[in-house]
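> Residue strings, one per chain:
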Amino acid sequence: MPAGLPSGSDGRSSLAARPPAIRAAGVDVAFQGPAGIHKVLAGLDIEVADGELLTIIGPSGCGKSTLLRVIADLLDPAAGAIEVFGQPPAVARRRRDVGFVFQDSTLLPWRTVIENLRLPDEVGRGAQVERRDEQGGASAAELITMMGLAGRENAYPHQLSGGQRQRVAIARALLSRPRILLMDEPFGALDEITRDRLNEELLNIWRSTGMTILFVTHSIMEAAYLGERVLVLASNPGRLRELEDLRAVKAAASGSIRENPAFVERMGHLRAVLRTC
Amino acid sequence: MLNGRGQRASATSRVALPVLGALSLLAFWQFLIPLFGVPKYIVPTPWQVMLRIAADPLLLWQNLVPTFIESILGFIIGNLAAILLAIGFVYNKRVEQAYFPVVLFLNTIPVLALAPIIVLIFGIGILPKVIIASIICFFPTLVNMTRGLESVSASEKDLMHVLSASGFEIFWKLRAPRSLPFLFASLRIASTACVVGAIVGEWIGANKGLGAVIIQSTFNYRSDLLYAAIIVSSSLAVAIFLVVTAVERRIINYQ
Ligand SMILES: Nc1ncnc2c1ncn2[C@@H]1O[C@H](COP(=O)(O)OP(=O)(O)OP(=O)(O)O)[C@@H](O)[C@H]1O
Ligand SMILES: [Mg+2]
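Heads up: the sequence lines are chains A and B, in that order.
Using the numbering used here, the first residue of the first sequence is number 1, and each one after it goes up by one.
Using the numbering used here, the first residue of the second sequence is number 1001, and each one after it goes up by one.
Isolated chain A, as found in the complex:
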């Protein structure tokens, strides 16, 4: 189990008692397109519990990245309300409540692994408000070990494999001890073996930190394997098609979840839903 991160105070049992991590009500996002206003998200309602791992899946262009960007205060919704721990996204951002992992790791090529990791410590001090002072946050050095990057501290990004680069990006996001981790197809460009291994590591991190994770993927298997719930978005405009709760199936399964008949059945269902999006 990864060491050094603040551990979840309790198991997954008392989630309902805590206020939600994210609450979106009637969120619209629109862009000015060549043919007038183009609605990307329309009337999206969703509540993500504190500590939940929610995966998001949907056809290309349905607004998955847009949803994450609204939560991260990278984009303002045209209508509707969005709250992150009861606050507007801008406040949550300045509190460093939200971490973001991009599909292309977005490591700065002129910085070594350790220097990339430390970026969050070097910027944004001026804007921060009432930073939560949790104890036990992992240091850059601890995150290096935890993410299996020991010995690579002084390597430059171009000297790393795609999987290692994504590990650095995750470690960098974890350095500010966010309460919510937004991940936009973080493993989309990786081979299947590496992806499976990183999925496993991500679950370990999630279990040991009690963090809320929103994870966008194009893989039904990845979405179902990681998610407690799977949010299926339909496109044009982006809207909620289905919210599939897998917790009961996973709790009841013994042995390898991937081969569990009930789980496989739910995946088939997700695939059928996706075809209609």
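Certain hints may be false.
[As the list claims (entries may be wrong)] Calculated lysine to aspartate or glutamate pairs in the EDC-like style (CA-CA distance at most 20 Å, straight line):
#	chain 1	residue 1	chain 2	residue 2
1	B	K1208	B	D1056
2	A	K250	A	E228
3	A	K250	A	D196
4	A	K39	A	D76
5	A	K39	A	D73
6	B	K1157	A	E115
7	B	K1157	A	D104
8	B	K1157	B	E1169
9	A	K250	A	E200
10	B	K1040	B	D1056
11	A	K250	A	E265
12	B	K1157	A	D76
13	B	K1157	A	D121
14	A	K39	A	D28
15	B	K1157	A	E122
16	B	K1093	B	E1150
17	B	K1157	A	E185
18	A	K250	A	E201
19	B	K1157	A	D73
Hints listed in this document are in silico derivations from the structure and should not be mistaken for laboratory results.
Here the structure is a predicted model, which is why all the values come from computation and not from measurement.
Since the structure of chain A is provided, determine the placement of chain B with the ligands on it from the hints.
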């Protein structure tokens, strides 16, 4: 090195082949040009040029110094102005939209064609030479630096915003380092161009400097001195170029 043999071979040939190439051309010049009946006062042999450099080191040195000063001042002033203006462009989108196309157009004007006008306006002192050298350095660096500062990706900007980075931090931690490879590409061009600018300025109105030596020795049919001055000029340009590339290698060490 895994591919040791191949790399050693290529390292040797990287040095040896150009040296051989240069020597063969010098030999051709030394022995064949006179055979074709080209008179010595038009094209001296390399050996005569060497003798001239050995005979007149003080003359060449005294004329190298002003050219060097004009080139370096032009290099520093032109590039510095370009960098500052590029930063201004990046933070004032409207100004950039208004003036960047104009800059691209001005960039196509052969600056050397403007040299007589500049000498006419600023006289025969050091100033017009520095101005010509600066202008030659200015435009390529302005274009490259503007592009470099803007070469940040959307996700890099997103990353900085999620971290609540200030505009100042975004500049120093993201835009500036991103722009450095672009900047050095134009500094390498400027390193030799500034010498050209200074020498052209001296052609038109000066009684000292390598450009003045070139003009005077041409008119006096002292072709050995002319060639010696040319060799000293290109050595100066190569020296500045090597300094720039050495600095570049120290700063951009991540590729
Ligand atoms: N800045 C923008 N300006 C205009 N349109 C945009 C902008 N950003 C996104 N869009 C449009 O919004 C829609 C949703 O984009 P988004 O990136 O959220 O999709 P996505 O679900 O993440 O797709 P993918 O799976 O391909 O990543 C697309 O049609 C896209 O063209
Ligand atoms: Mg996307």
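> Determine for every hint whether it applies to the structure shown.
Verification of the supplied hints:
Distance hint between B/K1208 and B/D1056 is fulfilled; the C-alpha atoms sit about 15 Å from each other, no more than 20 Å. This hinted pair checks out: A/K250 and A/E228 have alpha carbons roughly 8 Å apart, not beyond 20 Å. A hinted pair counts as satisfied when its Cα atoms are at most 20 Å apart, and A/K250 with A/D196 qualifies at roughly 18 Å. Only pairs whose Cα atoms come within 20 Å are accepted, and A/K39 paired with A/D76 is accepted, the gap being roughly 13 Å.
Of the pairs offered as hints, the one joining A/K39 and A/D73 holds, with about 18 Å between alpha carbons and a cut-off of 20 Å not exceeded. In summary, the hint linking B/K1157 to A/E115 is supported, as the alpha carbons are separated by about 18 Å, within the 20 Å threshold. Of the pairs offered as hints, the one joining B/K1157 and A/D104 holds, with about 13 Å between alpha carbons and a cut-off of 20 Å not exceeded. A C-alpha spacing of about 11 Å is found between B/K1157 and B/E1169, which places the hinted pair at or below 20 Å, so the restraint holds.
Restraint check: the Cα-Cα separation between A/K250 and A/E200 comes to about 15 Å, which is no more than 20 Å; the hinted pair holds. This hinted pair checks out: B/K1040 and B/D1056 have alpha carbons roughly 19 Å apart, not beyond 20 Å. Between A/K250 and A/E265, the direct Cα distance comes to roughly 12 Å. Compliance with the 20 Å bound is thereby established for this hinted pair. Between B/K1157 and A/D76 the CA atoms are separated by roughly 16 Å; this keeps the pair inside 20 Å, and the hint holds.
About 17 Å separates the Cα atoms of B/K1157 and A/D121, which keeps this hinted pair within 20 Å; it holds. Restraint check for A/K39 and A/D28: satisfied, since their Cα atoms lie roughly 7 Å apart, inside the 20 Å limit. Only pairs whose Cα atoms come within 20 Å are accepted, and B/K1157 paired with A/E122 is accepted, the gap being roughly 16 Å. At roughly 11 Å between alpha-carbon atoms, B/K1093 and B/E1150 fall within 20 Å of each other, so this suggested pair holds.
Under the criterion of a C-alpha separation no larger than 20 Å, the hint pairing B/K1157 with A/E185 is consistent with the structure, at around 18 Å. Proposed proximity of A/K250 and A/E201 is supported: the alpha carbons are some 18 Å apart, at most 20 Å. Using a Cα cut-off of 20 Å, the hinted pair B/K1157 and A/D73 holds, with the two alpha carbons roughly 13 Å apart.
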